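**Student:** Going line by line, the protein sequences match chains B and F.
Each residue of the first sequence is one higher than the one before, starting from 1 at the first, in our numbering.
Each residue of the second sequence is one higher than the one before, starting from 448 at the first, in our numbering.
Rather than coming from a laboratory, the hints here were simulated on the basis of the structure.
It is possible that part of the hints are untrue.
As the list claims (entries may be wrong) - As a list, the in silico SDA-like pairs of lysine to any residue whose alpha-carbon atoms are at most 25 Å apart: (1) B:Lys353 - B:Ser320; (2) B:Lys181 - F:Ala702; (3) B:Lys350 - B:Thr77; (4) B:Lys233 - F:Ala702; (5) B:Lys408 - F:Ser578.
On a predicted model such as this, the values are computed, not experimentally measured, just so you know.
As a plain string of letters, each chain reads:
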Amino acid sequence: MIKSCMRKILSTLSVVCLLGSTIVLPQNSFGAETQYFPVASSRVGPYSAMGTGYYGAQIDYMNYVNMTGGVNGVMLTWQECETEYNAVKTVECYQRLMQKDGQKIVVFDTLGTPGAYAVINRMAADNVVLAQYGYGRTDAADGRVWPWVFNAASHYWSQIGVKLRWMAEMEGGIPNMKGKKIVHLHIDSAYGREPLPAMRKIATDWGFTLIEIAIAPPGLEQQSQWLQIRREKPDWVTFWGAGSGMNSTAMTNAARINFPRTKMMYVTFGGAEEDMVPAGDSAKGTYVVANALPGTDFPLVKDIKDKVYGAGKGNLSDTSRVGTVYWNRGLGSAVMWVEAMRNAQKIHNKVGKAVTGAEFRDGYEALNMTDARLAEIGVKGMVAPFAISCANHEGAGKFALMQWDGKKFDKVKDWTEPNDPKFIRQLIEDSAAKFAKENNITPKKCS
Amino acid sequence: MISELLFFMEVLVAGLLSGTMYSLVALGFVLIYKASSTFNFAQGAMVFFAVLSFVGLMEFGIPFFVAFIITVVLMIGVGLATERLVLRPLMNQSEDTLLMATIGLGFVLEGLAQAVWGVEVRRLDLGIKDSPIPWIADNLQLFISALDVTAGLVATAMIVGLTLLFKYTKIGLGLRSVADDAGAASSIGIPLKHIMLLVWSAAGVVALVAGMMWGARAGVQFALIDLALKALPVLIIGGFSSIPGAIIGGLLIGASEKILEVYIGPYFGGGIEGWAPYVLAIFFLLYRPEGLFGEKIIRRV
């Protein structure tokens, strides 16, 4: 009796699991034109706090767009696939999500540098835009070499440039950086090492000593790294971690050796509420940079809360996470998708119709998010105004600076660019040109 | 020179203290292995499940000790369910089958914990400071926190307690006989099912304590599952079936990984403590496969 009951429960669970493994949310009414978007989410595993917020916001915004008439009448559909923030599974999801109901994807967002590197070389052949929202391969900012890859809003080299600018300001100017010591404490991965080329060059120019210390993932043990930091006695630490465990552990370890948190600068993917709260008082004073500011006062955020969550269609079960760093970042990315689609419809005379990957790419490259446009959408101030061009796929190249006060982030500096953006751009172009040469790519001509 | 020596001492002490934390996780593996000769791949998930449930209960406003007791009962329930639904149907199956079952169990617990309690990283405040003890920092120049000391004491207490249980009680005797030959033990009236239930429940409680120590330091989060991977070299070195071996193995792994990371790591670009313990474990597998305290297996050919 018990055995047969168990069998029934297990078979029911299996069916539920199979149905739940890909979540398709048909949002369109019968007959309406639709545009399909892939959601390669990471809702379980060590990076789940980031994934649930970011991808939750993307789904919330698509729901919101559908509830308010779609993109010029075109309803958005999507399909979700779980990557667990794993590069191999990201490739699997990329293939699995490629088509739905005969419609191909036009954009892909891995929310992770390892996943982005795993699919980046397929984009041109598949006619799919790789939208790296402030992560991924940095020299993809050169659109002449990487026409299908974008890293708006602002890449890692600009990010490290902004951090070093802040340090220089705190130290009384760039000349005072000479002889200073900066530790770059990073996860032992391509993502952790991504800012190093820019950092090394700036270190030589400014005359500070750069010490690179790696942490093996998942990074719950960082005592040896922090003992090295204690021995080196650096003036600043730039932290480039991934996953809330590694991020919060760094702050508790800093506290254990009495390293001031006001001398620590966190990466965008370590600078969220979910990274700070577990560290308790140890997190107080830590600086982070943001490419999308948290907050619930932005009109679009309020509207989503009212319309989507009010109708019980919100993606997050914990509504207090709406308006947090990761959620707002996901919202920023989804706003760009929709705006790119709107541009594509206009450029290709397809208003009221779905667009192809090539058309979407043109729309993405035509993004011009002025303050006025951001205000119309309802996110003015949440992201820096920016424009993308054929050659520049980075966008604003600006970050805002925040500090954790023990309970919330306080903005301490508005959108800031690196001290010498031209220098950063030159690094990008040199790196992209080197890649093009090594891979026999003829850079696109941008008039 | 003196400062370098002091620094080495600090690295060594930090490593030994980390080692006690690894030992706590390894203990749970040893308990299961002693009774069923199975490497319980679900132990990491049990650590995560236990401490996440504990913190989740406290979030409902349940006092610390009540939440602890409820979680202990819950872990006994997990042990009971595992025995009923997984182990009993697989009794007399090969060790490989049991191993696969524990992998499956791990995934179930991981998913269940996240489905019930959510995926956010939680803070666990045990009221024990993880900042340097001033007297030790001032006089010995060593940055040791109260949490380090507590973890060391807890690990020691658990090891002493479990060793006494195994050596000097009837339950321990029954357990050892089941580990030696389950069939023979059963034939002389040792209740195999009860022994299994007891061992899995004890492993659940050990998982809770280990999870609390790690959760207090690093936050209660999914990455705790990966601690199981850290316990593997500890067990290879200490011996899969030895309780003292778990602590010695933990101390050796903790100390060696820290020393290697600080002094050798920079030559490899850093971050070597992720794999260095496995290199050490491979040496042991080559020259002393039973580990330092494991039982030597002699078979007739």
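**Student:** For this structure, which hints from the list above don't hold up?
**Tutor:** Going through the list in order, the structure violates hints 1 and 2 and respects the others.
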